[in-house]
Amino acid sequence: MASLPAKIQLKNQAPSRNERADDIARLKVELRLPSLEYVDVSAQLELSRALKRWPLLADFPITDDRGDQVPLPVVQPVRQGKFGARK
Amino acid sequence: MTSLSMRGVRGGVGTTSLMAALGYALESLGERVLLIDMSPENLLSLHFNLRDSGKSGWARAMLDDQDWYKQAWGLTPTLHILPYGRLSAQESMSIEQQLIHDPQIWARRQASLAANYDWLLFDLPQRLPGHAAIGPCLLPIQVAEADAACHVLLLQQAGSNPVLVNRYDPGSQLQRDLLLIWRQYYATRLLPLTVHADEAMREALAFKQPVGQYAPESLAAQDALSLATWCLARRREMA
Chain A
1 MASLPAKIQL
11 KNQAPSRNER
21 ADDIARLKVE
31 LRLPSLEYVD
41 VSAQLELSRA
51 LKRWPLLADF
61 PITDDRGDQV
71 PLPVVQPVRQ
81 GKFGARK
Chain B
1 MTSLSMRGVR
11 GGVGTTSLMA
21 ALGYALESLG
31 ERVLLIDMSP
41 ENLLSLHFNL
51 RDSGKSGWAR
61 AMLDDQDWYK
71 QAWGLTPTLH
81 ILPYGRLSAQ
91 ESMSIEQQLI
101 HDPQIWARRQ
111 ASLAANYDWL
121 LFDLPQRLPG
131 HAAIGPCLLP
141 IQVAEADAAC
151 HVLLLQQAGS
161 NPVLVNRYDP
171 GSQLQRDLLL
181 IWRQYYATRL
191 LPLTVHADEA
201 MREALAFKQP
211 VGQYAPESLA
221 AQDALSLATW
231 CLARRREMA
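Protein chains in written order, with the numbering used here: chain A, 1 to 87; chain B, 1 to 239.
Don't read these hints as lab results, they were simulated from the structure.
One or more of the hints may lead you astray.
Said to hold, decoys possible - A few chain A residues facing chain B, derived, Cβ under 8 angstroms:
#, residue
1, 27
2, 39
3, 46
4, 54
5, 60
What the hints assert, rightly or not - Below, a sample of chain B positions facing chain A; criterion: calculated Cβ distance under 8 angstroms:
#, residue
6, 136
7, 137
8, 138
9, 139
10, 152
11, 174
12, 177
13, 180
14, 184
Stated by the list, open to error - Simulated crosslink set (DMTMM-like; lysine to aspartate or glutamate; CA at most 25 angstroms straight-line):
#, chain 1, residue 1, chain 2, residue 2
15, B, 208, B, 96
16, A, 52, B, 96
17, B, 208, B, 147
18, A, 52, A, 40
19, A, 28, A, 40
20, A, 52, B, 147
The structure presented is a predicted model; accordingly, all values stated were derived computationally and were not measured.
Glycine included, every Cβ here is placed at the ideal spot set by N, Cα and C.
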């Protein structure tokens, strides 16, 4: 089977999907401007909307110090009237 | 030889059908594959029309003092399957105790199989840690559905194994949202591909075939082929 030209052969340590798909990160490398400050507002908005759309996700946030510190879903009895409420 | 295992983040995420599909896809790419059913449900062989295997399997053989390696079936010259066998719940617990007592059993068995296969594919059960002690494993994949239960369980388990999303339905707002969140936070853990929800996967079992054989043009079969290609690439990278 013909192999790819050396220039576009994959690196041994394949970049993550985020790195591959992140045009801005690649641009920083190409322009040699690692300190270029750029905020992908639309991606952040999309993520923030996704997190807000589902109340359960607020109870189980993903943070960097995840693990044992995730609280149990029920620490107090659910009060009457609140159960089933959207928020 | 490369070992790969699949275990559902929770039960019922379609792990066994996906495993059958992956085994078939890897073989179609020219690999020598042994599928090993580690689950007392013993369902993997049903995807290969092996009801005739009756009660036999590696776990049955261990209880009956027979040779485990003689329980494998050749589906094609390069696609073989080792069923679990039919056991009562009590008998499975006895096997579980043996596997916990000697967790190197499958590491030794892997070594004895190495010359004959390119891939050992282990279909793991949910809650039997002894049965999950299969020895060295390059790709210990956790299979999830993009739903709230898997989201919570992934958080609580806090592991580092690769996660594959099965039965993905891009028409679902919730699934799109969860995949977006998971891609953000589990970046390198999440496989770069998903297996789409596809009725062909369910029909394949009812037809006693892996999905790639039952409906080669289906989305699920194409996804299984992509997964097989990804496995080959990972093996090359990690070698």
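Of the numbered hints stated earlier in the document, which are not met by this structure?
1, 2, 6, 7, 8, 9, 15, 16 and 17
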